[in-house]
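Chain order of the listed sequences is A and B.
What the first sequence shows, in the numbering used here, is residues 12 to 543, in sequence order.
What the second sequence shows, in the numbering used here, is residues 12 to 543, in sequence order.
A few of these clues could be false.
Since copy identity is lost for identical chains, a pair holds within one copy or between any two.
As the list claims (entries may be wrong) - Straight-line distance between alpha carbons at most 20 Å, and here's what the computed EDC-like set of lysine to aspartate or glutamate pairs gives: (1) 529 x 405; (2) 241 x 268; (3) 408 x 495; (4) 525 x 205; (5) 525 x 442; (6) 425 x 407; (7) 241 x 180; (8) 99 x 220.
Treat the hints as calculated values from the structure; they're not laboratory data.
2 protein chains.
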Amino acid sequence: MNSINRRDALKLGATASLAALAPAVSAAAAPAMAAKHDSVPQWEVFEASFAGPSAGNPFVDVSFSAVFTQGNRSVEAHGFYDGSGTYKLRFMPDATGEWSYRTASSAPELSGKTGTFACTAAPAGVHGPVRVASSHHFAYADGTPFYPFGTTCYAWIHQSDELQKETLESLRTGPFNKIRMCVFPKSYQYNHNEPAVYPFERDAAGKSDFTKLNPAFFAHVEERIADLRKMNIEADLIVFHPYDRWGYAAMGAENDDRYLRYLVARLSAYRNIWWSMANEWDLIRSKSAQDFDRYFRIVEKEDPAGHLRSVHYSHTMYDYSRAWITHASLQTYAFDQTASWLAAWNKPICFDEVQYEGNLNSRWGNLSGEEMARRFWLGVIAGAYVTHGETMLDPEKPFDESANPTLWWAHGGKLHGTSPARIAFLRKLVEETAAPGGPGAKRFGLDAAVPAGYYMNALAQDATGRAPGAILYFMDYHQPLYYDFPLPEGTWKAELIDPWAMTVTPLEGTFKTKSRIKLAGRAYQALRFRKI
Amino acid sequence: MNSINRRDALKLGATASLAALAPAVSAAAAPAMAAKHDSVPQWEVFEASFAGPSAGNPFVDVSFSAVFTQGNRSVEAHGFYDGSGTYKLRFMPDATGEWSYRTASSAPELSGKTGTFACTAAPAGVHGPVRVASSHHFAYADGTPFYPFGTTCYAWIHQSDELQKETLESLRTGPFNKIRMCVFPKSYQYNHNEPAVYPFERDAAGKSDFTKLNPAFFAHVEERIADLRKMNIEADLIVFHPYDRWGYAAMGAENDDRYLRYLVARLSAYRNIWWSMANEWDLIRSKSAQDFDRYFRIVEKEDPAGHLRSVHYSHTMYDYSRAWITHASLQTYAFDQTASWLAAWNKPICFDEVQYEGNLNSRWGNLSGEEMARRFWLGVIAGAYVTHGETMLDPEKPFDESANPTLWWAHGGKLHGTSPARIAFLRKLVEETAAPGGPGAKRFGLDAAVPAGYYMNALAQDATGRAPGAILYFMDYHQPLYYDFPLPEGTWKAELIDPWAMTVTPLEGTFKTKSRIKLAGRAYQALRFRKI
């Protein structure tokens with residue numbers, strides 16, 4: 012599956028780049044004219060540029076939006092000021108066929124502009140934005156299941172160009188299809204560098220004017236999001252975070268909201284965006300849960316694509332039952348609570364911070380690779396999804412933070428750990444086992460039809476759609492010499508799996524409930540059953 | 012420490028046997044006379060036999076007790092009917108010097124008997140019964156700390172003589188100083204054999220008369236308790252349990268209470284008794300928590316030695332805050348809750364069932380040896396105590412329960428697992444690290460003076476008695492390349508410990524807070540610090 016995804020991603024990359032760049036070029040050629048594209052593929056970015064006022068503070072003074080129409084259907088998208096008197100509109104058409112639009116603005120020269128374009132079929136390998144599916148899972152808009160196997164590189168887009176390229180190369184060859192990353196630069200232990208560009212205008216003394224956004228900064232963010240899109244990697248974009256020495260964490264409600272609206276206007280046409288409203292929201296002292304409620308309502312209202320929305324915590328959970336939360340984004344490794352949380356929230360669960368593989372001094376950053384891989388298995392078996400992170404110091408270098416080590420978790424770069432290969436193995440197992448056709452028809456996850464057993468997950472349903480068709484077992488630290496597998500009705504084939512050695516060994520014969528199977532008699536083994 | 016204990020135990024064994032046997036011999040010689048011993052060592056068994064009524068049902072009809080007096084102090088001890096018209100009194104003197112006693116009975120011929128004996132100093136290696144010390148820990152009556160490293164052989168005394176001898180030999184050479192064992196035989200998965208003797212009289216059809224106890228059965232129980240006493244192993248004696256096909260779990264309150272009083276009268280003079288009122292009390296359908304409350308009140312009132320009292324559960328915890336509970340006996344491996352439970356109950360905590368090392372089909376019985384050893388470390392580091400169990404099938408034999416495998420957890424026999432050697436290693440570390448003089452003076456356990464860190468335990472206090480003197484760290488699945496150990500004030504020596512390889516490697520130099528120490532960079536390592 013991975014190699015196919017890679018090929019699709021490469022093909023897609025070319026298409027997507029053309030689609031994203033073409034409007035900008037045409038706008039540059041005719042800045043005051045409404046753009047006219049003959050066609051934009053489904054789930055790619057339609058963009059049009061317009062000349063407008065540059066006096067005063069356009070970010071504050073000028074409103075600009077458009078209504079996109081197809082038949083009786085209308086969708087509102089906000090435009091944004093891109094500097095130098097240029098205003099842009101972006102829109103991700105989600106249905107093929109003819110679309111038209113008409114602008115509205117507080118500036119007469121931006122009002123009443125109209126245009127049309129045809130939305131053509133999506134290229135092969137493009138499945139649209141990710142949505143919630145079957146309550147507890149995810150699928151692309153076209154129904155293709157999406158199983159998040161994420162990683163974390165909080166500040167990778169604020170490192171040197173060379174390091175960013177290295178990160179992209181690691182992501183291209185790595186096992187991850189989602190990345191947690193911050194919009195704002197990061198100030199924290201091991202994170203002391205200044206970004207190359209800043210999100211707001213600064214005076215000579217370095218004081219930011221939070222009313223004046225810096226289009227170059229956001230153009231860089233979107234370039235990286237487009238890079239990820241080429242590789243079919245979802246950008247779990249962190250809007251606010253507490254690791255800050257520039258003031259971005261405490262700009263005040265008016266500036267927060269303007270920044271947030273600007274992000275939505277610029278980025279929501281990228282199909283691979285997930286809105287993570289904060290990392291560790293409860294550590295941002297200047298913001299309350301009520302502030303986050305307001306942010307979510309803004310995004311719900313202004314994001315025409317309806318991207319996924321969540322928020323990550325440190326100690327105090329945000330209330331994931333709230334209507335505007337699409338999925339839980341947890342910092343915990345209490346996988347045994349998954350079932351009760353799924354029942355309580357009826358939403359997918361991403362264990363987005365389960366500590367990191369590494370060898371740091373801090374205990375959040377020094378898991379063994381075995382333990383990180385184990386946590387992926389525990390999360391998947393529980394019916395949830397898990398996110399990786401890596402904080403590996405080079406053992407040959409002195410233990411000195413001032414040496415500014417490059418740590419994947421913050422800076423990106425290269426992966427050094429032993430867990431990514433095992434995560435790739437698990438992802439492949441899940442993707443090849445889960446039934447095609449989308450989780451709507453073939454559910455992935457815990458299934459009440461499967462007899463209870465805490466290290467088991469029904470990965471797919473059978474042809475009837477009403478009974479399990481594939482089951483994955485993980486034995487964790489248990490080492491039974493044999494096990495009476497409580498298989499549901501039917502005849503099953505079985506494979507012994509070694510999650511660490513990454514081997515799959517088919518067992519001879521077929522099995523029915525209660526099938527007694529001799530096992531390796533050692534811990535950390537798994538089995539896969541598939542219904543014949 | 013272990014080898015010294017062994018030697019002491021052997022020396023003690025000879026003494027204890029003499030003390031236990033001598034009165035029985037003298038009683039046999041003069042059954043109707045009050046016994047007169049010149050001397051009994053402290054914490055050994057004084058026993059006297061008397062002839063009394065044998066008609067009717069002496070267990071029901073005859074009351075018999077004595078008051079033991081030393082100076083102004085009086086202690087009541089109940090006697091018991093030992094069959095064939097013989098009544099016995101047992102008493103464990105807890106203070107040296109002259110003692111006298113006077114009997115009372117509903118039978119005139121057992122009333123008003125008197126006698127005296129001298130209680131001499133305890134032999135070397137005899138420290139008395141175990142008590143709670145420093146709220147959360149244990150010590151023998153003479154103040155010597157006792158750190159429970161227990162095991163589980165529920166039904167070992169109901170197996171063949173040969174197997175019982177093998178069990179005793181395994182215990183003699185093993186790392187354990189406490190054993191959980193049932194009075195009643197056990198009927199459960201893998202436990203299908205009949206005992207050689209039964210606790211109550213049975214008719215030809217096998218129906219028990221619960222009003223008539225079988226002295227031979229209880230003589231066998233006490234013989235095994237004496238065997239354990241020789242080896243300085245505490246008998247955590249399980250009074251009731253649900254694994255029953257003979258009716259012992261549902262005898263009714265009157266028979267329960269009579270049986271319990273009989274046990275107390277016969278056994279409380281054995282210093283190595285702990286009363287475990289049940290295994291999985293909540294699975295005994297015929298008994299309520301109120302029944303257990305009553306049992307505890309009976310034992311509190313009638314046990315002159317005041318042995319430790321607890322009860323073990325399956326799903327529903329007994330309320331360990333109740334006044335008559337001396338320590339918690341948990342079935343869980345939620346070690347991270349230890350601190351809150353210690354605070355809530357202010358009593359020692361024994362994690363008495365944390366699943367078993369083994370390879371059974373059932374997940375309670377198939378932990379890897381690594382995981383069992385890890386659980387001991389986690390428990391000790393949390394400031395609690397942990398109990399071992401082993402359920403290893405012979406991998407060379409067919410997986411067939413009807414083959415009646417010998418499993419340590421139920422039957423005793425030989426230990427096959429990999430954890431006991433590591434438990435011995437940890438026990439040695441704890442015993443040699445904890446300061447001498449008893450936990451009253453030198454606390455073993457979590458200490459508020461030590462900066463927080465969840466894998467750390469202050470094992471002893473320094474010479475001032477007010478600050479930590481030794482600290483044990485366990486890194487679990489963390490693999491820091493270095494760690495800034497937050498040592499309390501003072502200068503410290505350090506050793507790297509590999510809990511699985513069982514190595515202790517002294518580090519060069521001395522350390523002060525915050526001492527940065529380079530580590531192995533792999534998981535499951537430990538460190539010990541000792542203040543200079």
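Against the structure, the hints:
1. Within a single copy, residue 529 and residue 405 get their C-alpha atoms only as close as 42 Å, which misses the 20 Å cut-off; across copies the closest is 13 Å, which meets it.
2. When the C-alpha separation of residue 241 and residue 268 is checked against a cutoff of 20 Å, the pair qualifies neither within a copy, at 30 Å, nor between copies, at 77 Å.
3. In this homomeric assembly, residue 408 and residue 495 come within 20 Å of each other (Cα to Cα) only across copies, at 17 Å, whereas the closest approach inside a single copy is 50 Å.
4. Taking identical chains as interchangeable, the C-alpha atoms of residue 525 and residue 205 are never at most 20 Å apart, the minima being 61 Å within one chain and 30 Å between chains.
5. In this assembly of identical chains, residue 525 and residue 442 lie within 20 Å of each other by CA distance neither inside one copy nor across copies; the values are 27 Å within and 47 Å between.
6. Taking the shortest Cα distances, residue 425 and residue 407 sit within 20 Å of each other inside one copy (16 Å), while across copies they are farther apart (47 Å).
7. In the homo-oligomer, the alpha carbons of residue 241 and residue 180 lie at most 20 Å apart inside one protomer (12 Å), although the nearest pairing across protomers, at 68 Å, exceeds that limit.
8. For the homomeric pair residue 99 and residue 220, neither the shortest alpha-carbon distance inside one copy (22 Å) nor that between copies (94 Å) is at most 20 Å.
Against the hints set out earlier in the document, violations occur for numbers 2, 4, 5 and 8.
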